[in-house]
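2 protein chains.
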Amino acid sequence: MPTAAKDPVADRPKRRVGRPRIAPESGGGTQDAEPRDQLLAAAAELFTVQGYSATSTRAITAKAGMRQASMYYHFASKEELLSSLLETTVAPSLEFAEWALAERDAAAEARLWALARIDAAQLAGARHNLGALYLLPEVRREAFAPFRALRARLSESYRELLGQTAAAIDYAPGELAQRAHLVFGLVEGVILARLDNRLDRHPESGPLADPAAYSAEVADAALRLSGCDRLGAAREQGRRLCAEWIGRSEHLPSATPTGESA
Amino acid sequence: MPTAAKDPVADRPKRRVGRPRIAPESGGGTQDAEPRDQLLAAAAELFTVQGYSATSTRAITAKAGMRQASMYYHFASKEELLSSLLETTVAPSLEFAEWALAERDAAAEARLWALARIDAAQLAGARHNLGALYLLPEVRREAFAPFRALRARLSESYRELLGQTAAAIDYAPGELAQRAHLVFGLVEGVILARLDNRLDRHPESGPLADPAAYSAEVADAALRLSGCDRLGAAREQGRRLCAEWIGRSEHLPSATPTGESA
DNA sequence: ATTATCTATAGATCTATAGATAATGC
DNA sequence: ATTATCTATAGATCTATAGATAATGC
Numbered sequence: 001m002p003t004a005a006k007d008p009v010a011d012r013p014k015r016r017v018g019r020p021r022i023a024p025e026s027g028g029g030t031q032d033a034e035p036r037d038q039l040l041a042a043a044a045e046l047f048t049v050q051g052y053s054a055t056s057t058r059a060i061t062a063k064a065g066m067r068q069a070s071m072y073y074h075f076a077s078k079e080e081l082l083s084s085l086l087e088t089t090v091a092p093s094l095e096f097a098e099w100a101l102a103e104r105d106a107a108a109e110a111r112l113w114a115l116a117r118i119d120a121a122q123l124a125g126a127r128h129n130l131g132a133l134y135l136l137p138e139v140r141r142e143a144f145a146p147f148r149a150l151r152a153r154l155s156e157s158y159r160e161l162l163g164q165t166a167a168a169i170d171y172a173p174g175e176l177a178q179r180a181h182l183v184f185g186l187v188e189g190v191i192l193a194r195l196d197n198r199l200d201r202h203p204e205s206g207p208l209a210d211p212a213a214y215s216a217e218v219a220d221a222a223l224r225l226s227g228c229d230r231l232g233a234a235r236e237q238g239r240r241l242c243a244e245w246i247g248r249s250e251h252l253p254s255a256t257p258t259g260e261s262a
Numbered sequence: 001m002p003t004a005a006k007d008p009v010a011d012r013p014k015r016r017v018g019r020p021r022i023a024p025e026s027g028g029g030t031q032d033a034e035p036r037d038q039l040l041a042a043a044a045e046l047f048t049v050q051g052y053s054a055t056s057t058r059a060i061t062a063k064a065g066m067r068q069a070s071m072y073y074h075f076a077s078k079e080e081l082l083s084s085l086l087e088t089t090v091a092p093s094l095e096f097a098e099w100a101l102a103e104r105d106a107a108a109e110a111r112l113w114a115l116a117r118i119d120a121a122q123l124a125g126a127r128h129n130l131g132a133l134y135l136l137p138e139v140r141r142e143a144f145a146p147f148r149a150l151r152a153r154l155s156e157s158y159r160e161l162l163g164q165t166a167a168a169i170d171y172a173p174g175e176l177a178q179r180a181h182l183v184f185g186l187v188e189g190v191i192l193a194r195l196d197n198r199l200d201r202h203p204e205s206g207p208l209a210d211p212a213a214y215s216a217e218v219a220d221a222a223l224r225l226s227g228c229d230r231l232g233a234a235r236e237q238g239r240r241l242c243a244e245w246i247g248r249s250e251h252l253p254s255a256t257p258t259g260e261s262a
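Residue numbers (this note's numbering), protein chains in the order written: chain A, 1 to 262; chain B, 1 to 262.
Errors might be hidden in some of the hints.
The list treats identical chains as one, so a pair stands whether inside a single copy or across any two.
[To be verified] 25 Å max Cα-Cα, derived DMTMM-like pairs, lysine to aspartate or glutamate:
| id | residue 1 | residue 2 |
| --- | --- | --- |
| 1 | 78 | 170 |
| 2 | 78 | 138 |
| 3 | 78 | 196 |
| 4 | 78 | 103 |
| 5 | 78 | 37 |
| 6 | 78 | 32 |
| 7 | 78 | 34 |
| 8 | 78 | 229 |
| 9 | 78 | 210 |
Since the hints were made in silico from the structure, they are not lab data.
If you're wondering where the values come from, they're calculated on a predicted model, not measured in any experiment.
Just need the whole structure built from these sequences, with the hints factored in.
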């Protein structure tokens with residue numbers, strides 16, 4: 001073997017600064033992630049399954065393989081931990097929404113389809129049912145207002161795109177807001193579907209069977225609700241928009257702290 | 001005044017057996033309700049707003065006007081309190097669903113419309129956002145399995161009705177379950193709409209602006225999702241079914257412990 | 001005697017802080 | 001010296017039980 005550094009990542013001795021941990025890594029392969037990300041991953045699972053108040057900092061740190069107090073080196077409080085998780089949840093959909101709003105060459109129907117698709121796919125495919133985090137009652141606390149503002153912007157994006165569709169011309173006054181709400185609610189139905197899955201069938205957490213197919217169904221249903229009469233064409237162009245966006249974002253470094261290796 | 005007992009309810013001296021309370025009634029006119037119902041009403045508000053784990057038994061009893069330990073005379077545990085609330089939440093919709101399934105003379109589309117309507121109206125119009133209770137992560141605990149079974153039966157009722165519609169004949173394999181899920185999710189979107197209302201606009205809890213109109217919109221949207229092509233007729237007959245049911249249930253003693261006087 | 005409350009408290013948490021300590025880095 | 005952990009603990013909870021008590025009912 002003449003070339004020494006064949007696989008620099010695997011060879012890395014993983015020696016770290018600071019006092020070493022004592023607690024063993026409990027299961028789920030987060031061994032060599034950043035401690036901060038280990039905490040986020042542990043909290044994501046526990047918060048979605050048990051809720052925020054029902055999850056102790058002790059439980060989170062045990063899952064992340066460290067002692068309770070060590071959490072406070074990485075996060076100022078338990079609330080800050082939830083804040084971070086919440087923001088990673090809306091961010092991707094919101095980025096797509098803003099891009100889609102600017103793509104004025106594409107039909108509004110296609111952009112709406114694509115937004116519903118991307119948003120639903122993210123909700124359906126995430127390792128834990130992260131969307132359920134914003135159903136947690138604790139999220140109404142003042143500490144989470146910044147996150148709620150992000151979510152309100154996402155909701156408005158749906159309304160704007162819907163307002164640009166051909167069907168919207170015939171809407172009665174107030175009907176736009178009404179229908180936009182229904183569409184937004186339909187997409188968020190993915191969260192509820194996952195809750196039901198977990199409640200009634202799979203004891204273990206997990207994504208819906210086929211997120212890609214499911215999210216396309218949801219996007220179809222969204223256009224049906226909008227009153228769009230040329231679903232086929234909109235879906236076709238919508239798919240292209242999704243593909244284009246995914247192509248772009250793959251060039252970026254995908255910083256998804258909660259998505260563990262596999 | 002010859003006839004002595006003019007208004008027996010108002011004249012009732014309200015003297016009660018047992019040691020009297022010391023704690024004052026805090027606000028909301030539940031003064032002369034049964035203690036058990038006062039506790040349920042207090043818990044309904046606090047659980048929906050703050051969540052289950054975040055609500056202490058002390059907070060519940062303070063709102064109901066008694067001391068913390070007195071709760072345990074009426075409920076064996078905090079979990080039992082939530083259980084009672086959960087069951088009062090699904091029961092009305094489920095009763096309607098079973099009646100509608102049996103009404104085989106009416107068109108399936110109309111019965112589906114009516115079920116969506118009744119269910120959505122109940123979710124939209126309840127004093128507190130009681131539907132949100134079954135989004136509480138704690139509801140996954142074993143203690144709440146009986147409630148989850150009720151909810152599963154409601155979900156199946158939607159699927160059965162949808163399966164009897166004309167549009168269902170053309171569904172691909174698996175499409176029935178898929179669409180039924182979307183419809184069920186759409187109706188539950190009412191819960192999310194109320195959460196959003198509370199998050200973003202009204203600081204106080206409260207029902208959606210016009211539950212009757214809103215729930216009719218949701219029922220329309222449900223039929224649109226089903227692929228029904230004769231919405232007008234179905235809606236017409238659906239309205240009649242709703243009216244018939246409401247007529248019936250008004251003859252019964254309406255035992256809704258959580259709906260306070262007004 | 002029965003009922004529905006009360007007071008007091010055991011025992012088990014839980015969050016966050018203080019300060020010690022075991023690594024690496026320079 | 002810096003970093004990332006550790007141990008220990010203060011202080012504030014929280015749920016549920018034990019047993020006393022103040023009403024009504026008979």
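Tested hints:
| no. | hint | result |
| --- | --- | --- |
| 1 | 78 / 170 | neither (48 Å within a copy, 51 Å between copies) |
| 2 | 78 / 138 | both (12 Å within a copy, 19 Å between copies) |
| 3 | 78 / 196 | between (27 Å within a copy, 24 Å between copies) |
| 4 | 78 / 103 | neither (39 Å within a copy, 52 Å between copies) |
| 5 | 78 / 37 | within (14 Å within a copy, 35 Å between copies) |
| 6 | 78 / 32 | within (23 Å within a copy, 41 Å between copies) |
| 7 | 78 / 34 | within (18 Å within a copy, 39 Å between copies) |
| 8 | 78 / 229 | neither (48 Å within a copy, 51 Å between copies) |
| 9 | 78 / 210 | neither (33 Å within a copy, 38 Å between copies) |
The structure fails to meet hints 1, 4, 8, 9 from the earlier list, while all remaining hints are met.
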